[in-house]
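**Q** Please construct the entire structure, taking both the sequences and the accompanying hints into account.
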Amino acid sequence: MSVYMDSCCFIDVAKYDLGHRDKIDSLADKEEHIKACIKMLDAAKKGNLRVLTGNITISECQHLSGFVDEEVKRLFQSILTSGRIVRIVADSIFVAERARNLMWDYQIKMGGADAHHIATALESNCAEFITSDKGILKWASEVEKLGLKVIRADESKELAACLPGTDSTPPATGGQNRLFADSGEI
Amino acid sequence: MDKLAEITAETERFLRMIVEDISRRATGKWIARDFENNSVDFTAAYISETITPEQIQECRQALAYTMREDTDIEHFSSKIRRSTLLQYAKIAKPIAPDEAVHFGLFDLDKEQVTERHILSKERSLEIEGRLQLTDRIQYDGSAQGTIIALFKGNNPHFRLRELHREEWFPCYFSYNLYDKVIHALENAYTVVHVAGTVLASRTERKPISMQVKRIENAEPYLEGDLEKFVGCAPHATGDSSTEKFIRLIRGHEELVGNGEETQ
Chain Y
2 MSVYMDSCCF IDVAKYDLGH RDKIDSLADK EEHIKACIKM LDAAKKGNLR VLTGNITISE
62 CQHLSGFVDE EVKRLFQSIL TSGRIVRIVA DSIFVAERAR NLMWDYQIKM GGADAHHIAT
122 ALESNCAEFI TSDKGILKWA SEVEKLGLKV IRADESKELA ACLPGTDSTP PATGGQNRLF
182 ADSGEI
Chain D
11 MDKLAEITAE TERFLRMIVE DISRRATGKW IARDFENNSV DFTAAYISET ITPEQIQECR
71 QALAYTMRED TDIEHFSSKI RRSTLLQYAK IAKPIAPDEA VHFGLFDLDK EQVTERHILS
131 KERSLEIEGR LQLTDRIQYD GSAQGTIIAL FKGNNPHFRL RELHREEWFP CYFSYNLYDK
191 VIHALENAYT VVHVAGTVLA SRTERKPISM QVKRIENAEP YLEGDLEKFV GCAPHATGDS
251 STEKFIRLIR GHEELVGNGE ETQ
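Chains as they are written, first to last, in the working numbering: chain Y, 2 to 187; chain D, 11 to 273.
Between beta-carbon pairs, the in silico distance windows are:
#1 D:Asp80 to Y:Lys36: 52 to 62 Å
#2 Y:Lys36 to D:Leu258: 23 to 33 Å
#3 Y:Lys135 to D:Arg35: 21 to 31 Å
#4 Y:Asp18 to D:Leu258: 16 to 26 Å
Reference listing, derived: stretches of chain D covered by chain Y, where coverage requires no fewer than 3 residues with Cβ under 8 Å from a Cβ of chain Y:
#5 22-36
#6 223-235
None of these hints come from the bench; they were simulated from the model. Every residue gets a Cβ at the ideal spot worked out from N, C-alpha and C, and that includes glycine.
**A** In structure tokens form, the structure reads like this:
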């Protein structure tokens, strides 16, 4: 199974430096999420987890408004585009149509870029969408109905499943439900 | 007997796909029960612990919509995959023109059949034909992957195995890109980014082939890059928080300004 990582996760990992803890907003709340993002990237490097992201993440991570030197640019490229850590899901007509249909079919009224990220994760059959962005997290319950969990990295069952010594059994959500169809008569 | 087995297998596949269309993560199974003597009439029941009553209702609506004899195939609901509709058509593939497959949908409260539909050979062929006519689509796109085979000659192409999908498709190129293709093959593990005109299947939702316009080797990963990446840019978003920065580059502040009164 695969997880999709939103742009903000990569940016926060790049900002996460013990010497500059004040540079991350709400660090006390986000620190476990960021540490889990790092574990996810490490698991991807070891081949234990598939971490996907869309083309759009590359452009969003290059729009860094602060000072960025050549080595930092190279590191972003290495992590995002080398194929060794993260796998890129390229844009397609199917992603674009799915992004549009979030609004048309399910009344999920996200901005274009947010919808594009979610649609890319759905189109590539990811189980989890990892983000700390409240603008996307507020749609979690609607998107979950489509089969994609929108969560922070420290809530990830996919990460738990690939770390040694953790129980990844999902809890049952209720009793048995049934659908009947009578069929097969010629 | 072969024909009956085939119809049952195709029906089971179709029923599984319709549930996936409503909830990709639903884990359950279709079981057959209430077999009638001397016929192939049976009741298929879906049993799951992860699907909600609302989703059950949606599944029933999706079944009714797909099975309805007058559903417009050209403007089919985007909530149901084209591959699901094609699978429905496949159920009647083995039958003769004068035969038909009958379906009855249960009312979920009364537990009795309240809606009946017929899939004829003619309707099955109509669905297949219309889907085939509108299946192919072309767009300019790209892909990340590794080259797993090269074919020279009059129609040079290579097979690109996409990293995220782990499936390959042929990429055709002209000989002015030959050196770049060879460069990509110098190292067995080189990852490439290719861009060009993609021919894709709407039903399968994946590329069939690409006419390559550009090919570049990906930035290599150097040992230790991940460790260096952590904390490499503490000032990456300047004075903004990450969330504010993301909202800004995604244009949400403009959206608010255009759609709502701002303070």
